[in-house]
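Top to bottom, those sequences are chains A, B, C, D, E and F.
If you use UniProt numbering, the first sequence corresponds to residues 1 to 246, in order.
If you use UniProt numbering, the second sequence corresponds to residues 1 to 246, in order.
If you use UniProt numbering, the third sequence corresponds to residues 1 to 246, in order.
If you use UniProt numbering, the fourth sequence corresponds to residues 1 to 246, in order.
If you use UniProt numbering, the fifth sequence corresponds to residues 1 to 246, in order.
If you use UniProt numbering, the sixth sequence corresponds to residues 1 to 246, in order.
Don't read these hints as lab results, they were simulated from the structure.
Hints are supplied without guarantee of correctness; some may be wrong.
It does not matter which identical chain is used: a pair holds within one copy or between any two.
Stated by the list, open to error - Straight-line distance between alpha carbons at most 20 Å, and here's what the computed EDC-like set of lysine to aspartate or glutamate pairs gives:
1. Lys195 to Asp235
2. Lys56 to Glu206
3. Lys143 to Glu71
Take a look at the letters that make up each chain.
Protein chains: 6
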Amino acid sequence: MRADGRQPDELRRIHITPHYLKHAEGSVLIEVGDTKVICTASIEDRVPPFMRGEGKGWITAEYSMLPRATEQRNIRESSKGKVTGRTMEIQRLIGRALRAVVDLKALGEKTVWIDCDVIQADGGTRTASITGAYVAMVLAFQKLMDIGKLNTMPVHDYLAATSVGVVEHTGVVLDLNYIEDSQAQVDMNVVMTGKGQFVEVQGTGEEATFTREQMNSLLEMAEHGIGQLVAYQKDVLGDVAAKIQG
Amino acid sequence: MRADGRQPDELRRIHITPHYLKHAEGSVLIEVGDTKVICTASIEDRVPPFMRGEGKGWITAEYSMLPRATEQRNIRESSKGKVTGRTMEIQRLIGRALRAVVDLKALGEKTVWIDCDVIQADGGTRTASITGAYVAMVLAFQKLMDIGKLNTMPVHDYLAATSVGVVEHTGVVLDLNYIEDSQAQVDMNVVMTGKGQFVEVQGTGEEATFTREQMNSLLEMAEHGIGQLVAYQKDVLGDVAAKIQG
Amino acid sequence: MRADGRQPDELRRIHITPHYLKHAEGSVLIEVGDTKVICTASIEDRVPPFMRGEGKGWITAEYSMLPRATEQRNIRESSKGKVTGRTMEIQRLIGRALRAVVDLKALGEKTVWIDCDVIQADGGTRTASITGAYVAMVLAFQKLMDIGKLNTMPVHDYLAATSVGVVEHTGVVLDLNYIEDSQAQVDMNVVMTGKGQFVEVQGTGEEATFTREQMNSLLEMAEHGIGQLVAYQKDVLGDVAAKIQG
Amino acid sequence: MRADGRQPDELRRIHITPHYLKHAEGSVLIEVGDTKVICTASIEDRVPPFMRGEGKGWITAEYSMLPRATEQRNIRESSKGKVTGRTMEIQRLIGRALRAVVDLKALGEKTVWIDCDVIQADGGTRTASITGAYVAMVLAFQKLMDIGKLNTMPVHDYLAATSVGVVEHTGVVLDLNYIEDSQAQVDMNVVMTGKGQFVEVQGTGEEATFTREQMNSLLEMAEHGIGQLVAYQKDVLGDVAAKIQG
Amino acid sequence: MRADGRQPDELRRIHITPHYLKHAEGSVLIEVGDTKVICTASIEDRVPPFMRGEGKGWITAEYSMLPRATEQRNIRESSKGKVTGRTMEIQRLIGRALRAVVDLKALGEKTVWIDCDVIQADGGTRTASITGAYVAMVLAFQKLMDIGKLNTMPVHDYLAATSVGVVEHTGVVLDLNYIEDSQAQVDMNVVMTGKGQFVEVQGTGEEATFTREQMNSLLEMAEHGIGQLVAYQKDVLGDVAAKIQG
Amino acid sequence: MRADGRQPDELRRIHITPHYLKHAEGSVLIEVGDTKVICTASIEDRVPPFMRGEGKGWITAEYSMLPRATEQRNIRESSKGKVTGRTMEIQRLIGRALRAVVDLKALGEKTVWIDCDVIQADGGTRTASITGAYVAMVLAFQKLMDIGKLNTMPVHDYLAATSVGVVEHTGVVLDLNYIEDSQAQVDMNVVMTGKGQFVEVQGTGEEATFTREQMNSLLEMAEHGIGQLVAYQKDVLGDVAAKIQG
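With the sequences and hints as input, model every part of the structure.
Below you can see the structure in the form of structure tokens.
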């Protein structure tokens, strides 16, 4: 049994509030247990210089935490004057993951700016960001379709993410909260599509190693959890869901 | 009549959600019309090096906007690698204003970190930040008293802020929203105490000037609005309000 | 009586040396008591990107102190690699104040760069900068008129600034020197035009508050002092003064 | 068949020159095909502040490329004034991987600084860096043992890394060179120990996804390649190899 | 004949105003033709960390130009966020030159901060800075002796600097102004002591080369000019001059 | 006799490996005793903005050290976020020196990027960089001629550099290694052409001064050493040497 009473393969309660902010083309508040992230998708009518003239769009992401999202106040990256390595890893991951399910040619020369701002952190902020950002992005595309700026939904599959890990005494578990994460020997973030294909697998032994058998268990548990997350995304998207290609 | 139907001396709807985040000693979500700011107060058991050994506390503030708090996405200051002049002005103002009503000796050698993060902006974000941060700070002090880390509430008065301005065609108005703010000839931010004293008056002609008579009207309207804000703060604080000295 | 023998409403000795440097279009050395600031106005034949094509000019200011302008040597901002919040506040104030009395359309697509470099500081450096920068700017415009690059003097009023404050034991005083400034409970910087209108009022309680009555006294004393400063500016400008519109 | 004539599961020629530089405690030049990396291990007699007094050591890594290691000259990160996200990801990976096979308690309060400088790049620079840095680190520990600053070799297993991927037309291949890497649909970096356990698996679909079956093939091929790399490391280390615990 | 009517071996008019600023321990305004530099010497009662406990002092210099010291306004280094290579070269040169004539042991564990701020530039700003900074430093030492913080003048020789160069059509000339400097094929800065020894020789062909014979002429002309500069320094220092050791 | 057994006027063993890296247009590894520098020349088909349209080329240089090129590990400039003054001085010197022997008009609107990366340091890294960079640059020009992108070799003389100095007890010596350099009273870097003309002379007393006689000895010894370096460059360049103009 886990500290919060969950079964090893049980997700935390998830809730997504769509249209959370009034200015962004797409926005959600995603809550995964006590982890809360505001995800917005902003669409700009041009691409970065290195992509101009190719007739393709681009998706890029930024991630940040409020200073007091965490138990201890952390210093703002704007005060430090630089973005940490952890933040860079996460924002590169979010952008790459979303690009895997979007038809960039169908999007045309537009940039999608994803912003994931963690207002409260309790583990799994990067995977919650991906799951929420996907919904915010689809809502933004829908808004562009509504005002005639996009002809088709340029998304060919669902996309969600979760963490799995090997925690001392507890074994292989799904969707680690902060306490579990800090005790994990192996920590793996998995991003998958609605059709069950992998987009990203990042497994790390924390001053530890893991066997092929553990790897297999971890991947299966992730598959199970992501299936549930995708089902919930479909609920939240309602009518819009029908337009997801594939 | 104003665009949103308000009388010239009418505040926007205000709402403060206390205890908005679980980790911070004190936190609120303040909503003033469509302006929404998360204010947290974090308390650290030491003061900056230049104040050590004086037996006094310190209060400092940081202010930021989510990139998509605004109509157009604005670039993160962490990405720019520096904090803008506007942000610096605002965070200096918030810290200075709060220090005016706190007995820093009674606080002892502690630092209060105020974080104001605007999640949605519609004018008046700096004054909403002050009004909200005051409540978050009082809640944080109450929490320290509850756990025996502070003997008395080191606050000797209420504190709230609003904006007033001279808007073309409309004249002198209270609590400007974004549209009004961008059309104002004169823009004034006023911070006052519960007893009706001034803490800060910042009046600026925007490529314009103003007369002594206008100045007087502006100050009177601010006084009127801040009185209502303080009354609302008392409601929100409930029992805690009784401990505010003075 | 004040420490330096002045009456409460007495300015320090002011002296402006016009044409202080040979390269700038306009330049002065302004001395207000022991405060000495070199102010230059440089004119560039284009505006920043965000203003191009609007047929209007722009005025922007920078402010700095020599490291040993002060009692203790202060670290250069170029060594720190960033400009402090105080500096940013001051340079935004100077630029905003000057824009209030210039007809930016009559100026045309030009940028006026104001540089205020404090070579010796004894309180009131920001207000001395405004009073001096105004003269340097008018001299620069006159030079442009002399060489046929400008048809009319695009300035429609005089502009000067001073500080007022409430100092312990002494009460309300005009034009605070460094000692008075560091003891002031209330510190107010006021920028006014030659016609007696306000451009900027920034009043701050330093861990203190102030009443409406004090506010009124402060404003009256500022009005009195600025009248004298403007009269002196007219003397310094001589023939050029006749061209100031309004 | 692959463009350079290799079989799908064939590594490129590998060569490690031990003791490549005279000042570092441990150093190698590792060549994997045309990829050449100088790896050094420097040992400092203290740990970072956050670890002091815990009786444990620390390992941290830095990674860089000479500007002309690549086909096109890339701008130095020192000129840009900041380290890119890609560099940060790589240096975090190298440090984390090495820490997985070192007994930090046996090391004591020392910091191992790993520097990996790519002098010529042809794909796989991060995995070559790990394979080379491991040898440089062991040589540095040996040097400390020789001079009596360390009692036992604090390393409990071998460690090497390689890349595997899915390349269009060619299928699953081992040890991708630059051309293959730029054409890969799936790119996976795998770090394993001499005993065949995983330390890190980072698989990424490049605007693509991959199946569980492909995942399995990739992991098997990585296992095969890393076995050969570890065998070569043992050869290079000679006598020292006997001291690796485990 | 030179453009400004000087003989090839003729210095520009030099003037040094001692005690130019009230706060610094030592300060001068040095004018060499139209080049004007404020030099201050500030003395701090400690040395940088890398020198503590050695019983020796340190001398370090900073150099800057006001934005409008030059014909074209130059951007402040504080706005750029970094110090240029040219500035760094000059400040390293000034510090090194002064250290050559000071007995750092006799100074004791103190740091001398030299600040050279060019308020008007017309060539030779770095050599004027050295000549002026030397006087400011001696005045600062004298002040410390006056208040009993120093027993002897820790300076064992005079120090002055000038430029020499090879200018097209004109040949070898002394003390180049800006026009000559920009046309010079060879540019040489020379720092010498009162006894006629070299401290620093920096000769550069500007996309050109120079012969040994030209080198000799340049050095002789520099020697001649520096002799005159040292004589003038003695005049300015008056009684203090007698205390220079050696 | 010197510590390493050399005569006062004896160079260290020099070795240049041409075509050291595969991607750069020109590259060498230069070894001067234990000092080892990788020099590359990259050619870009455009010039910086300030030179466009003038029909001339540009040469610019960057210099860096691997962290463990030195006895003590030095912090990367990319980690510090800024380039030190020493590095800036060196890279400005390298670029300036090379420009003195290149006909920039014959080069046309191209930029030559020189990169000097010190992989092992034992004194004289800046002079080794110049001697090596010259060869890398000539090789790059030859490559452009081979592929028809340049008609003539735009180089009109050879160029090499060495250091000379006055070392306690030993006297005037040529080509100082690290130990000698750290004990030198006078340190002089000299850059000369194949025809024996000076390009740059930088002589510095290290908290010391030097006489005209010492200056002469130093220059003569430098002349002697550079003659040998140029002879070796000719050997390395082989057939290409015949194309150097002049």
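Comparing the hints with the structure gives:
1. Lys195 to Asp235: Only inside one copy: Lys195 and Asp235 sit 17 Å apart there, 46 Å across copies, limit 20 Å.
2. Lys56 to Glu206: between (39 Å within a copy, 15 Å between copies)
3. Lys143 to Glu71: between (37 Å within a copy, 15 Å between copies)
Of the numbered hints given earlier, the model fails none.
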